[in-house]
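Asker: In case you want the letters, here they are:
Number of protein chains: 2
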Amino acid sequence: MFSNRISNVPKSFIREILKVSADPTIISFAGGLPNRDLFPIENIKAATNKVFDVVGPDVLQYSNSEGYIGLRKMIAKRYKSFYSLDVPVENILITNGSQQGLDLLGKIFLNEGDSVAIEEPGYLGAIQAFGVYKADFQPVPVSDGGMDVSALKTVLKTNSPKMIYTVPNFQNPSGITYTNENRKEVADVLKGSGVYLVEDNPYAELRFSGTNKKSFMEFLPDHTILLGTVSKTIVPSFRLGWIVAPNKVMEKLLIAKQAADLHTNYFCQRIVDQFLNDYSLDEHIEKIKTMYSSKKQTMVEAIKEYFPENIQFTDPEGGMFLWVTLPEGISSMDLFDLALKKNVAFVPGDPFYTNNTQRKDCINTFRLNYTNSDTATIKKGIKLLSECIREML
Amino acid sequence: MFSNRISNVPKSFIREILKVSADPTIISFAGGLPNRDLFPIENIKAATNKVFDVVGPDVLQYSNSEGYIGLRKMIAKRYKSFYSLDVPVENILITNGSQQGLDLLGKIFLNEGDSVAIEEPGYLGAIQAFGVYKADFQPVPVSDGGMDVSALKTVLKTNSPKMIYTVPNFQNPSGITYTNENRKEVADVLKGSGVYLVEDNPYAELRFSGTNKKSFMEFLPDHTILLGTVSKTIVPSFRLGWIVAPNKVMEKLLIAKQAADLHTNYFCQRIVDQFLNDYSLDEHIEKIKTMYSSKKQTMVEAIKEYFPENIQFTDPEGGMFLWVTLPEGISSMDLFDLALKKNVAFVPGDPFYTNNTQRKDCINTFRLNYTNSDTATIKKGIKLLSECIREML
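Protein chains in written order, with this note's numbering: chain A, 1 to 393; chain B, 1 to 393.
Any given hint might turn out to be false.
Because identical chains share one entry, a pair is satisfied inside a single copy or across any pair of copies.
Cross-link-like lysine-lysine pairs, in silico, DSBU-like; alpha carbons within 35 Å at most [to be verified]:
id, residue 1, residue 2
1, 213, 77
2, 191, 342
3, 50, 289
4, 213, 342
5, 45, 304
6, 50, 73
7, 80, 19
8, 341, 153
9, 383, 134
10, 19, 77
11, 77, 157
12, 341, 248
13, 134, 191
14, 77, 304
15, 380, 80
16, 77, 45
17, 191, 50
18, 342, 19
19, 80, 341
20, 184, 80
21, 191, 383
22, 289, 45
23, 248, 73
24, 248, 19
25, 73, 19
26, 157, 380
27, 379, 134
28, 383, 80
29, 341, 289
30, 304, 379
Treat the hints as calculated values from the structure; they're not laboratory data.
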């Protein structure tokens, strides 16, 4: 009855986890939500009322598929100030969050069985989106410093992927960041291959320490596709993201966007544009960084204090997640079951690996989110988690 | 480089037409836009501010893929009051306009080459959405009173379609409405076949005269899928629509929705819910009907006055469009070129036929929108158009 593409897709495991962890008695490091206390609600409200008064009824009318030109100009301006990149406005398409960008890329690029190289571990939303188009995933390991370039070479040679998916800054799930040198190496390997590199970049502006890294666009200008979003910096519920792509890709994306939903919510595009015009995004982001940095520090210190010594973990310079590696043979899924009995939740590594991973037998990694719990809760949760780990060891 | 599904999709013809007709010196009957003067902007603004004050920062947070429960309850209530239908809230999924409903249906049902029965002429957005999934369209003629049942039987027997797409009330593009008897006949033909009937229903509430017709859901409860939207009754720019589907279809739709964009704009779901709680939708719709009815009447009278006698046209009891049929052998595309020179635009019939139509050689039909021009402009435009038609005859 159903299409092949949807028949074998299981219910999302992470949705189930999030349902469990919505219970307020549970200490949850599972979610990936920005902290609600930081939403600039008063300024968004003021921007909204200004839009009603200045734009009038037209703000409620249908709009174009490309997105509001004013907002696209603001995005181009931000690429210039943050990355010194010149991104033409015509190459920016507004989407319903960057998740829709992933869906549209799957739609325009992938025939059933086409190969997609992807970071391992990798963002589960990308695995879901490309999975629907029956991608043949070719995982390429990432660790501190970035992507395993020799593994990438092998994938390129043996599988001829159509694209490669990356989150090079404060990666979801691992929190790692590619060095500039690694980016250049990856780009050098891809150069001339025709493969499109997708740089999904929701977290780059949330840097607590260290220096900003370059965009892949600098190293591979003709074959880099950028995904961006306001979900982690301003507001998630508006579902506002964008894709930057070369002309011939943009032409197909626009056709796919129109067939998918005509256009993105125009009212909210105008509100975000107004917000960006009237307030300092930098000042707002400073507040986010201050809070997240402190929470991250608390979690890292608690891990150092309570976890057994043979547990590895990343110490990210920004973003929302860190990544724990248990000793080989210890299953994070078993740990999840045990921890839930003590009212602590996290996301086991499993959904961040594709069905082509080498390590499906016993995944010993898991993701911790630190942006949504207060200091005392972080300490308490990590202590409880450490007890479960010790029990398993 | 690109997927098969997108490689051969041409640029949207109607997008090009709308660009042309955006020129303010052109009298445009081409668009499909609600009249902006009717948008309830003051009430939407008040509802928005109430949402900010009552819901607070949580209205800016991520939300669930199903959609806001309050809004889904309001939609269920409306099905009860308008159609006496009992629609369980669990069977309602909020989408980015009903266009996304079409995309999700294509995604979960269609493998390349799967057959889809569709009204002829039919809504071009559905042709685009299913076309991306490489549907094999099987057109079934519609005319005053509804669908050609014997043609439907033939399609069912020879092509085993997975679904059949209909807009049974004030159809886009033709303005026709299926009678209750025709609906029952269509349902009887489909019963037991396993084919899903899609009832896309943006216009039913905009009825100027005659009596409301029954939903297909009454005749074919297990195999009817309903699409709805607030775009024609409240606000288009929010991109708020919904699908009603049986449990096993809903399960797949939800997976596809999550992979497509996580969820629909939560902020605007809350605003529409607040608007529906605080104001009378019926009173608002009365205003729309009064205006559209009068404009439709003006257009019909102008056509009667100016067009040659051998031109057929529909006289819809509601909605936004009427449909003109020129004598055989007269191309509406040629008429379009001629009319544009006199600064009048409409949509030639071509994009409302699929690549499986029998009549691709010389399409003699076209769509006129009457909701966006004032009385004098309607008269002037129809008079100019009649001159072009006479020139061609």
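Asker: Pop the pair residue 380 and residue 80 into one bin, within, between, both or neither, using alpha-carbon distances up to 35 Å.
Answerer: neither (43 Å within a copy, 50 Å between copies)
Asker: Is it within, between, both or neither when you check residue 50 against residue 73 at 35 Å Cα-Cα?
Answerer: both (19 Å within a copy, 31 Å between copies)
Asker: Is it within a copy, between copies, both, or neither that the alpha carbon of residue 289 lies no farther than 35 Å from that of residue 45?
Answerer: both (23 Å within a copy, 33 Å between copies)
Asker: First find the shortest C-alpha distance between residue 80 and residue 341 inside one copy, then the shortest across copies, and answer within, between, both or neither for a cut-off of 35 Å.
Answerer: neither (49 Å within a copy, 43 Å between copies)
Asker: Reference check for the pair residue 45 and residue 304, CA-CA at most 35 Å: within, between, both, or neither?
Answerer: Classified as neither: same-chain Cα gap 42 Å, cross-chain 51 Å, threshold 35 Å.
Asker: Checking an output row: residue 341 and residue 248, CA cutoff 35 Å. Within, between, both or neither?
Answerer: between (53 Å within a copy, 32 Å between copies)
Asker: For the identical chains here, do residue 213 and residue 77 meet the 35 Å Cα criterion within one copy, between copies, both, or neither?
Answerer: within (18 Å within a copy, 53 Å between copies)
Asker: Checking residue 191 and residue 50: alpha-carbon separation at most 35 Å within a copy, between copies, both or neither?
Answerer: Cα proximity of residue 191 and residue 50: none, with 47 Å in one copy and 53 Å across.
Asker: Please work out whether the CA atoms of residue 77 and residue 304 approach to 35 Å or closer within one copy, between two copies, in both situations, or in neither?
Answerer: neither (41 Å within a copy, 55 Å between copies)
Asker: With identical chains, the pair residue 19 and residue 77 could be close in the same copy or across copies; at 35 Å between alpha carbons, which is it: within, between, both, or neither?
Answerer: This pair counts as between: shortest inter-copy Cα distance 27 Å, intra-copy 39 Å.
Asker: If the cut is 35 Å between Cα atoms, do residue 80 and residue 19 qualify within a copy, between copies, both or neither?
Answerer: Between copies only: 30 Å across chains, 40 Å inside a chain, cut-off 35 Å.
Asker: Using 35 Å as the alpha carbon limit, work out where residue 213 and residue 342 are close: within a copy, between copies, both or neither.
Answerer: For residue 213 and residue 342, the Cα distance exceeds 35 Å both inside one copy (40 Å) and across copies (57 Å).
Consistency note: the structure conflicts with the earlier hints numbered 2, 4, 5, 8, 9, 11, 14, 15, 17, 19, 21, 26, 27 and 28.
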